[in-house]
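**Q** Take a look at the letters that make up each chain.
Protein chains: 2
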Amino acid sequence: MQRINVALGDRSYDIIICNECIKDTGNHLSEIGLRGKVGIVTNPVVNRYFGRRIRESLKGAGLKPFTITIPNGERYKTLKTVTNIYDKLVSLKFERGSSLIALGGGVIGDITGFAAATYLRGIPYIQVPTTLLAQVDSSVGGKTAVDHRKGKNLIGAFYQPQRVLIDIDTLHTLPRREFIAGMAEVVKYGVIADEVFFNYLEENLNDILSQKTDSLLHIIKRSCEIKAHIVEKDERDVSGRRAILNFGHTFGHAIETITGYKKFKHGEAVAIGMVMAARLAVQLNLCSHHAYKRIKDLLNRIGLPTELPKLNFSETMKIMQHDKKVSEEKIKFILPKRIGEVISFSDLVHADLKRVIEDM
Amino acid sequence: MQRINVALGDRSYDIIICNECIKDTGNHLSEIGLRGKVGIVTNPVVNRYFGRRIRESLKGAGLKPFTITIPNGERYKTLKTVTNIYDKLVSLKFERGSSLIALGGGVIGDITGFAAATYLRGIPYIQVPTTLLAQVDSSVGGKTAVDHRKGKNLIGAFYQPQRVLIDIDTLHTLPRREFIAGMAEVVKYGVIADEVFFNYLEENLNDILSQKTDSLLHIIKRSCEIKAHIVEKDERDVSGRRAILNFGHTFGHAIETITGYKKFKHGEAVAIGMVMAARLAVQLNLCSHHAYKRIKDLLNRIGLPTELPKLNFSETMKIMQHDKKVSEEKIKFILPKRIGEVISFSDLVHADLKRVIEDM
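So the protein sequences, as listed, match chains A and B.
Counting from 1, one number per residue, gives the positions in the first sequence under my numbering.
Counting from 1, one number per residue, gives the positions in the second sequence under my numbering.
Treat each hint with caution, since some may be false.
Since the list can't tell identical chains apart, any single copy or any two copies may satisfy a pair.
Claimed, not checked - Derived DSSO-like pairs: lysine-lysine, alpha-carbon spacing no greater than 27 Å straight-line:
no. : residue 1 : residue 2
1   : K37       : K262
2   : K93       : K293
3   : K150      : K80
4   : K330      : K354
No lab work stands behind these hints: they were computed from the structure.
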């Protein structure tokens, strides 16, 4: 069992990374002082795999579990779904001491976190992420949100969980494509913050892709450490420090929006976005062609897409302008300087962007 | 001009109390570093009185004002209204550096604060309260919320404004009944925290009710000071300190719910609730009959209701159980020990409550 503390003053919490430990969920809730009613927010698929184990663990620790299922899929990441959760919590008489568990992937985590942030002005919640993407990214850092029809994550709150419980055993039930998509965020951490970790990924890719326990524990731990470190320095994404986590995401979000969230999984769009950002960096003489090549090759070896679908330039620009990371109406891009270091860049002219989109 | 600082670490802000100062709104925004787009959330009535003055003040300070009107009334304090605000902000391309102004009463303040808390995971907002109730209570302390059909304020967030600008001149346009209703919260501060202030209210009631400038400045300043002091010690309403602000409110909310938010204004329901709480305190030998009498007499002199409409006991109980202040399914009441001091009391048996409801 690995334990990483996210130091955020009175909002600090631990990330636990372990194997076959979902059965200890009840003890984790007790350890942080939660009791009474607990709402397990999940979808029917995840519920079938892990619901019963968690419920029994909670009962064993003297808690009162209730299962709240929501439909599976990003297109249900809406205020409407959150409203249904509110209705359920009200009818179950959830109180300010009651809590929620987000059991599932990133969508479940974002929705549950937002419901916890806004029900009775905030009740405690913990994350039990069951996808690689959620384990290394969305479950850590307190960003909660739902989508607006005009863009992703436009409605949300910063609201930290009280614990993140990562059971790597859950990854064995994950469809292969989902696992691969999650690897995009793992690669991202290497590029933005840690060349040694990037080397590790290059050198141990077979073990990782065959999901050897030690490799999984290592890549998830290192990813969470890097994310925790960044979040600690810029919890609310204001100083610009946290923005480096958006490497690959400004292009990625635009690709997802244009393709209607259907063609690509989030991690796949981010993989293409990282290649685009790296290519843009080369074009601007910020980064060597060699570094760009290493990023693209690693993503290719993992099995992630690295080629852009045909995009309409002006539509892409419009969507990126709407992206919530815009500031003073200039788009900010996170671009690599080398493997292990990125910079924020906003002095772009349209021609640069047009060229990178056309070149891909 | 009076200035009260609410000390909440990096969420600290000033409350400004002044006369004919709404025309300085732009300067206040500049002073706290806001620029660019500003959404003035208001209703058509308030907009007619003050909208133009604020817009011109903002333009004069180099800001870009947009007016977002929402329908007037508590029944529009819903997620639906907030959704309409989100849509407007998205279409106006509001960014993370853009801000909102809540221009109006408590409903406007609660809705605007919640929209600010949840749009792009939080944008800055300031409060410009134009009712006495909002000036002495809801605009200070960062409680934002909308109602759920099953109860008031069930959906919300703690999210502090960056400034509260109270122009007492706005009270001259306030309907008399609204002003009187707001006085209930002013009386509350005397009962829960300051006997000297309660004496002042008794002795200067004529000046207050005829809205003499000095009296208004004093009662608003003292009310805000007391509220700020309590909020500083218990920002998120967890230690129990902030709960004393709910004096009169547990009964008050039940009365509002049972009467469908139609018969009474919030302050009127709170006035009746305070009399009920005081009567309950006498019944439990916590408080003298004399103190109860002083509270009831002052409320009567102000012109507030102090008699209970016919209530169904079991329905009242059910509604109070749903109230968000419930904790471990026991109802907590704030009861006076004397003028200037209250305690939290939860060891009530149904018979006590039944008696106080029947006696009223």
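**Q** Each hint: holds or not?
**A** Consistency of the hints with the structure:
1. K37 / K262: Answer is neither; intra-copy 36 Å and inter-copy 34 Å both fail.
2. K93 / K293: This pair counts as neither: shortest intra-copy Cα distance 56 Å, inter-copy 36 Å.
3. K150 / K80: both (15 Å within a copy, 17 Å between copies)
4. K330 / K354: Result: close within a single copy only, 15 Å intra versus 63 Å inter.
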